[in-house]
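K.L.:
Here are the chains, one letter per residue:
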Amino acid sequence: MKRGFTFLLVISLLVLGLILPRGARSLMVQMMAFSIFAMAYDISLGFTNQCSLGHSVFFGAGAYGTILPMLHWHFGVLPSVFIGFLLGLVLAFLTGLISVRLSEAYFVIVTAIFSAIFHLLAMDMTWLTGGDDGLSVTLPKIGFGPLKLSLYHPLGTYYFVLAFLLAGYLALRTIVGSPLGMIFVAIRENEKRTAFLGYNVRTYKLIAFLISGTFTALSGGLYAVSLRYATADFFSLYWSIIPIVWCLVGGLGTLIGPCIGVALMSLFQYYVSAWWTYYLVIFGVLILLILRVSRRGILGYFIGRGARGGWRL
Amino acid sequence: MATLKVREVTKRFGGLVALDRVNLSVEERELRGIIGPNGAGKTTLFNLITGELKPTGGKIFLDDEDITGLPPHLICQKGLSRTFQLTSIFPELTVYESIWVGINSKRHRWNPFTKVKNLTDVAERAEKICHLIGLQEKRDELAVNLSYGDQKILEIGMALSTEPSILLLDEPTQGVSPKEAEEIIGVIQRLAKDITVILIEHSVDVVLQVCHKVTVLHEGRVIAEGDPAEISKNEEVQRVYLGEA
Amino acid sequence: MPEGVGFILFYLINGLIWGLIIALISLGLSLIFGVMGIVNMAHGDIYMIGAVLSFYFVSLFGNFWISLLIVPLIVALIAAPTERFILRPFEGHPSVTMIATVGISFILQQVALATFGGIPKKISSPWEVSFDFLGVSYPGYRLLVAAISALIIIGVWLFLYRTSLGILIRASMQDKEMASAMGINVNKVLIGTFVLGSVLAAIGGVLAAPISQVFYLMGNDVILLCFIVVIVGGLGSLEGTLIAALLLSSVEGAMAAFLTPTEARAMIFIIMVAVLMLRPQGLFGSNSA
Amino acid sequence: MRGKLVGKGMVFVVLLLMIFGANTELAAKEPIKVGMLADKTGGLAAYGYSHEKVLRAAIQKINKEGGILGRPVKLYVEDTESKPSVGAMKFRKLVETYGVDFVIDSNSSGIAIACAPVAKELKTPYFPCAGATEISGEKGNRYVFQLCTCVREECKGVAKFAVNNIGKKWATVVVNYAWGWSNEKEFKKYITENGGEVVKSIRVPLGTSDWLPYLRKIPKSAEAVFFANFGSDFLSFIRDLHAIRPDIKKLGAVYVLSGQDPKKLGPAAEGLYCIAPYPTRLEGLNTPYNRAYRKLIGVDEEGLEIGTGKRFVLAYDWAVWQAMFALKAAIEKSGWKSRKDTPKVIKALEGMRYEESLEFPQGSGYIRAEDHLAIVGLYVEQIVKGVLKVVTKIPAQEVVYSPTVDRTKEPF
Amino acid sequence: MMALLKVEDIHTYYGDSYVLQGVSLEVKRGEVVALLGRNGAGKTTTLRTIMGIIKPRRGKILFKGVDITPMPAFKVARMGIGYVPQGRRLFPEMTVLENLKTGMRKKGNGDKLDEIFDLFPALKDRLSQKASTLSGGEQQALSIARALLTEPEILLLDEPTTGLMPLLVSRLREVIEKLHEDGMAILLVEEKVPFALSVAERLYFMVKGKIAYEGSRRDLEDKRDVFIRYLGVKN
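Protein chains in written order, with the numbering used here: chain A, 184 to 496; chain B, 1012 to 1256; chain C, 4 to 292; chain D, 3 to 414; chain E, 349 to 583.
So here's chain A without its partners, still in its complex pose (with noise of 0.2 Å):
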């Protein structure tokens, strides 16, 4: 049933590729490479309840960690990503070392200097950033062997983005059906009461930490690479603030939920911002409205009358 559901949902997004008229494919390759995003970021709040204002830390480094060995050394698309993703790793392990031994109130105002921090460095380092200017990139073609696939194809960037969200979403949903995700899921509903069965919860934290900024760099990077440009603008608090409304819309986790969220909201954004330009103020009013229904968001409240939110065995 759940599977089928899957197949029928995968199948639609690739047939989605080939029907949807330019504009509709481009804001939907924007909104694959935010669902990542916001499936990353439901690991961390939704999963092991860690609040972090930090996260465009990540995916201003995964997008520049993507861009920039493109720029300067002339690495291919996919290498590149890797890149990106190593070095959100590596961020995500710095900061959550920092971050995650701290309690709750600690830990939402140190992930928000780590963000501001970075806004900061990212706009003085202009000669390695761009700065708000940012840096715009050739995006080379991408080679399996004989077959070559240019990113310039109105299709390329679709299915490219396309791959790495099923690829990320099947590991997300593999971690979250392991033990490890059962042990998210516990420390999320009695810290405490986890590590009196056993389990270091700091480390696990860090890990749910590291998973997350992880695949928030994942996530810059294919903004950046749909893009084909990266600013100092994604460190901006904006992108640690925005996951929060897609999760909450959407709902707290269920990994699938903050997808739904995404895609409401950039519908939203994309049609509302030509005629209303102060359509941001909506964000905060949802934020308000949802958490005063439900904490879980909005999917959250359907499961939550049923049952509970999150998966079962």
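Hints are computed from structural coordinates only; laboratory data are not their basis. Just so it is clear, CB atoms sit at the ideal spot from N, CA and C, and this is done for glycine as well. Do not rely on the hints blindly, as some may be mistaken.
[What the hints assert, rightly or not] Partial list, computed: chain C residues near chain A (C-beta under 7 Å):
(1) Pro97
(2) Ser98
(3) Val99
(4) Met101
(5) Ala103
(6) Phe109
(7) Ile110
(8) Gln113
(9) Leu227
(10) Ile234
(11) Leu238
(12) Phe272
(13) Val276
(14) Pro283
Start from chain A and add chains B, C, D and E according to the hints.
P.N.:
Relative to chain A, chains B, C, D and E alone:
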């Protein structure tokens, strides 16, 4: 041979002395009761043994290994498990899952490439514990939806799930109905056949009825230790509880 | 270095003067955390709102000092219902409340953008006097701001430590339930604290408006330093906040003499990380925080 | 179970929305679609506001006079939020969703640079109104036209005047990003060529709230400051500079004044020199064309919008106007019919000469074929008693420099 | 004489746990009443319910004839009920004087402070010391003193003897007796039977959230079986 030894352990909170040079030594497969009036330091003693608090002085040994000041998860991995006075459960996990998490802590840990349902050894053991504590019929209920008594039983199940050699139970019958209390005591007695159990209880008759040996704490000090018969005759214990009216 | 010691001293003192404004704002942040247990992510935006309102009042009345009196009143009128109707329902769930304040922050910024506009504006200095200071002229208004900030901080301090109302606030910071059982209306204390904290931020905004620029994102810059200050000083510790604010600001100022100010800010950040490694609860924070 | 259904329902709704939403691009093919990247919100909102009005006025004029080659012009406007990443995204949206054939504007060099590769990828001619030299240099491409003055032109043009009339020893204070660097580099180059000297170069991050620590580093020997910043940074800059060095002379590009009333800036801005491609007040360039131009865009002699009293950023508004009419001329000359004729339009634009007229009110000039840059004259203005006055005019021949690239050799 | 405090059949839950299962008791003006019971019987919950810290699902609490059940804790306190909680719950980071001041709502009760110092002379020398640095006995004294400063008509004492040395326990007894002489009503929760018997006129025994037995001190003298039955120590 004593499996758990507490040597001269002292704990101060600011100006207050919660525990004052407490000694305790528990044999293997013993069912030990610890009683004492409110504020005697029973829960503090548990917190020190299980690593939630660090003692101000003294040492704690588990099978001759010094575990003083280790973090809780390491102490748990060494075979010491506990329940909490106010239930501490995973509200949105099912009974089965709550126990599963504990069993997994000694086995596969976190391998992200296996599926939870593929770990048959863990699953079997989890089923077994569900049976042992008598919650097999409620295995798929969320912990938060259980009755308070069942939550208390689940707590014991979770503590058991880490396959401990010593189990510390902190007032397992507090706040439950007499019928539920009986069930819980039944579970405890069954357990005590295989592992060491240390039981904190305020209900003196329960302790005297089921325990092999009883330690009486009063104002942070051990004032008596012995089998139930000795304890009920002990004058100092009577003075503590009844006083010289 | 062009002029040696005087040069460094200039940076040190310039940093210290900013430090007083930062202390004022951080004090509000720390106070709100102490009583409500939440980090107010919208604090920097209240600072911004203070500056924006003061811009309007200055253009309306043509007098800066009137706005210094009126703006705190208006912010108090906004803050009280915000606490009561938006934050109160989330009480007891710190992470939910913090996300809610993120939402409020977003709303404040966007409302300011929609009404005030995206163009930074300037309030002319209400005291156009320059002092000769260590070989260069120094804007007198900044010295005035430092003095006013110091006075307000002393006032708040006296209020918290010398008045019975202040004692009630501090009692609520330590044990809300017991405070309530002592006959203290903790709900009023919650509103009062949120209002006081917000007013401090708003006053900071009014005072800083003629030094800095009035801009709907101006809070982001200031709140970063405030966050670092409360982390280093220890969340909820008022004396820690004060000491850290003054210390960090002057250190940052002094370092700006040799480094670019961004590098100096990064150094402050490194200090914060070092403090966190050694004392996760901050220099003056309690263990439980 | 129920949750799953809800989830599915939501996915379905999203897909439906996407398909229907996308259908909006199946609009009538008849008009020539022009997209505009307006900086309506964010730091450049003042520019976005007036640029949009000017472009709308230009298109209204064109449509009233029968359109281009008989086809009406339809305008699509998207807000860049003054952010390069949003700008690049909106560029795509304009072309891919609305199907626009040409894109005009954004006053931000960052946005222009971010959009240049997109313009090339989507094969859509792009006319940014931003000043960074790179746009007509290494960051541009055959699809990008800089039909306004660039930083290098401005610095080269003003250098002689600066050394002779303002001061010999200079400090430069620029915002720390591409446009600022351009200014720093070019000014230093040309001021040195003219016998002046830059004694200190200071870069300040965008949005800095306390400028004193930076300005304190200006050496005592500096007689004058050349600066490149705008908006909030400009306000802080002049205020703090006035406090710390009231004697020092100041020179900057006029668009720093974006929407600011020089009178309100007070003594801090008094005597400030600005480089301007177009005088803000009619008095500076009082031609019949300009009077008509101002009338059409609804601006009075002082540069204020009639009716609202808002300050237009006239110094750069002409670039939007001129871009639209250059485009019109090129379409007419090449006989453009659809996107496949785009190379013809580009070829028509390369090397195009134009005469001073209502369509080109700033004056005669030409679009250099090699780097797609408009070659025009400049003005130097000064704030005297709170009013901008033209001090001198710099003819186009003093501004021109040799091109660094040759776009005509690039393939389409 | 009408009861000063009357608790009528209250039922209180902690989440799902049914703690008070219909408790009724009363305290008359100037009376010292003890509430005894084993740990977990619901004694502390009874006091917290009276204070309004937790709300009962059913039942009523009348104080001076006024229904105080729906009132928040601070209003209950202002009505004239002083609360000395288990574990003292001082404000640790504040000085002794500041702790005392939290109770002094009305202006001009400086005299009251002198009375307090008569009762607890040890506090007078420690006014500027932080509460957390006090010894156990001093902390208890401060906790009671703080509650007295709210000028209550009844004092709820929750296990005041916990952790006190015998000498201090007798000091505490003297304090309670003195308060009693001054006409203060006291509801005392205790586990230490001798102490309770030595100060209280009437005693309630609580078992599993219900009042199981009620009697005066005289009724209970030499009735060990009652204690054994309800407090559970076998002889």
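K.L.:
Evaluate each hint against the coordinates.
P.N.:
Status of each hint after checking the structure:
1. Pro97: At about 6 Å, which falls below the 7 Å cut-off, the nearest Cβ of chain A leaves the hint on proline 97/C intact, so it holds.
2. Ser98: holds, 5 Å
3. Val99: holds, 5 Å
4. Met101: holds, 5 Å
5. Ala103: Holds, because the Cβ-Cβ distance from alanine 103/C to chain A comes to roughly 6 Å (cut-off 7 Å).
6. Phe109: holds, 3 Å
7. Ile110: Cβ of isoleucine 110/C sits 4 Å from chain A, so the hint holds.
8. Gln113: At 4 Å from the nearest chain A Cβ, glutamine 113/C passes the 7 Å test, so the hint holds.
9. Leu227: Given a least distance of 4 Å, the restraint on leucine 227/C holds.
10. Ile234: It holds, given that the least Cβ distance between isoleucine 234/C and chain A is near 6 Å, below 7 Å.
11. Leu238: Nearest chain A Cβ about 6 Å off; hint holds.
12. Phe272: holds, 5 Å
13. Val276: With a closest approach of 6 Å, the valine 276/C hint holds.
14. Pro283: Constraint on proline 283/C satisfied, holds at 6 Å.
Of the hints listed earlier, there is not a single one the structure fails to meet.
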